[in-house]
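Go by the hints and put chain V onto chain H.
So the protein sequences, as listed, match chains H and V. For the first sequence, the working numbering assigns the number 6 to the initial residue and increments by one for each residue that follows. For the second sequence, the working numbering assigns the number 7 to the initial residue and increments by one for each residue that follows.
Among the hints, erroneous ones may be present.
Listed next, the in silico DSS-like pairs over lysine-lysine satisfying Cα-Cα at most 27 angstroms (straight line) [to be verified]:
| hint | chain 1 | residue 1 | chain 2 | residue 2 |
| --- | --- | --- | --- | --- |
| 1 | V | 354 | H | 266 |
| 2 | V | 354 | H | 120 |
| 3 | V | 219 | V | 236 |
Hints are computed from structural coordinates only; laboratory data are not their basis.
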Amino acid sequence: MITLTLKQQPSVPLEAESITPDVVAGLDHAAIRALPVYLGKRSCRLDEFFDVDGAASDQIEIRGDAARVKWIGHGMTRGSIKIVGNAGMHLGAHMKGGAIEVSGNASDWIGAEMKAGTIKVAGNAGGQIGAAYRGSLQGMRGGTIIVVGSAGLEVGMRMRRGVIVVGGPVRDFCGLQMKGGTIFLLGGAEIRTGAWMFRGTIVSMKPLPLMPTFSYACQGVPDFMRLFARRFQEWGLTALPHDPAQGFYRMYSGDASVPGKGEIFIWQPAE
Amino acid sequence: MLFYGLGRPSYVIDTSRRENRLAMLRITGGKVYDPAHGLDGVVKDICIADGRIVADVPAGTKTLDASGLIIFPGGVDIHTHVAGAALNFARAMTPENQRHAIPFQRSSHHRAGIGGPTPTTFATGYLYAGMGYTTVIEAAVPVLSAKHTHEELRDTPIVDKGCCLLMANNEIVLDLLEQGDEERARQVVAWLVSAAKSYGVKGVNPGGVTAWKWGKNASVMSEPVPGYSKVTPATIVTALSRIVDQLGLPHPLHLHCNNLGAPGNVTTTLETMKALEGSRAHMAHLQFHAYGGDDWHTMRSASTEIVEYFNAHKNLTCDAGAVLFGNSVTITADGPWQHLLYQLTGRKWGNLDVENETGCGIVPYSYKGSNLVNAVQWAVGLELLLLIDDPWRIFLTTDHPNGACFWRYPEIIQMLMDADFRKERVQKLPPKALERIVLADLDREYSLSEIAIITSAGPARALGLAQKGHLGVGADADLAIYHQNPDGAWQFRYPRYVLKAGEVVVEEGHIRQETQGRQFIVQPAYDPTIEQFLKPLFQQTYTMSFENYPVEMERLERAEVQSCQAVAGA
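Same shape as in the complex, but just chain H (with noise of 0.2 angstroms):
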């Protein structure tokens, strides 16, 4: 286990992609300790803004408020890192395996065309989890992203594969230009959800604003709900309901001005 402890707030946010399961888990102490970051446009050593302690392992812990801190456990592959704290910007972005765990906040960018692995943040998150970068044009491509508070914008933009789920409420454009995966609204979301969207599932606890592209289907449970029930009791989240006594999904299918194949399920209870 490497833990790093923050010991001095950068004056600028701190690009700090060396901090990853793979770039560490060779080094010995002192190799760590000489890591370079990057404030602005100049290459700094680790220990400037880190007190390092251990070596050679793929378990890292970030300890402090590391919010100004981008870009930890990009492109991951294995091993975890526990951020007891808040993060920074791009979180687990590129990731290819492995788990991110934070107890404190995230920021915008999180996941961020990922393609497996797990991030879980106990707090909020910004904007653009599981996103396209700017002028990509797939998102996420599998993992999951679990937020147990609230999250920003443009959720899920243009993700491909994946599952996103969020505690608390989301802001606009949701799902936008989403092309696969799932994303579990557990909060409910602001306005212009599935803007564009051409594939993939929205399932939301609570009464969406629906856009006019969007049109009512049928309702019912669909049988992929018994199993994220499953899954969302590993993760330790509320139950999702799936029982037919308990109430229904109503679904709606869009964006018809794609015209897409993407489909959004309201809960409604029982009366």
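For chain V alone, coordinates are given in the frame of chain H:
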């Protein structure tokens, strides 16, 4: 107000230092491949003084031991897109490509930049030099954005540069051809080439880009271009190639034919070649113009038909425009084709209108080995390189970044030099593709000497650059020194040393110093009264005033004027 652009910006490293330019060097023990002088792997000393190759240097001069290494003249890229408004547009449109590209981090001897399909200016210089290339020709420049292009070329370090001017859809030129006034058209072309400080004349989809402004294309060589009654693509091609020869430009008309990329376009290409009889011409990225079949489902290679004609007509040269599988960005003045490509891909599309001169389209594209059309395109590029019997008339290009990035040339070299490796790759194509190509039957393997011809000696000769592409006395001391290694791709990707004007600029893949290359231009003679004809036209039709249109000589860094000599028979 800032006076941007004129004069030397302070950040440009001054490398014209006297002591460096006078430095002498003797390279010993290397096997020299200099096809222009018939040297095929001869161990020979090469002596350098004042940036040029000389017969001898005094004893005691610094030596560079090249024992066990092979020495090529520095590479010359005859057709690439590395600077200008269109490329910048593509850079802005495709941030996703840059995100995964190789970054160049700033160091004491080079600047920051980024690679990928559309590298930044500084990175372009480093990547070309890093591969052993020392001269590049930007293939498509509208006069209206020539200033921008020259600014970017100035910021493209190490390599020597030149550019070709887009002329086959220039409405002033076409109007004169419509009136049958070819003499005045020649004066206009000469004035435009001089004004834009270009090195050659390029035709892109003659008449087609003009037609695109009406939402149309010019796909039949003998039919009048929309908006004209007499001018056809064939008359434009014939007249421009004749004008270029009469002006005596060192490089012949550089032509991108009509119907690029379309199935069955071999007919158009052959008609174009016939229209060029009696003049010199360079057929750009011939791969994109050598398809048979009637539609996308029946598209096949037509390289044998093209090659049969091409081999018999010595007035023509060409470059391959080969395709490699992977991500690219297509950038061309051929607006109508780009619109079609956009409809085929459903991806992003950029379209520019350059007033009376040309247009431009940009579409990101991925070539896939599993796609039948892409597989045929991939094969056609290699077929042309293998079937054209004279290596002095076909040159290695990928029409960067359209077919593939220039820094992937070594992959093509490997496939040319190793028939077994190539056939392994062919077998991976979809079985249906194998019925439509002839590549699987070709056994030819390039020798090192032939590689030196298609990457350096040949293009230098076609460009009329007497000081490039060879290692004889008087030549520029641009050398690429490679390891001798059976794996062609590795060998040509990482030269041991690259020398530009006698200075070591690259060592084992690392940039050692950033020098400033020269810019080749031509200044053909014209009748000064032509300005009185052009000026009122400008005031009527252009958004730029006539006085602001020409590129001032001061904008160019180290410009070198190449002389024009009328071509015999023109």
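- Message: Are any of the numbered hints broken by this structure? If so, which, sorted upward?
- Response: none
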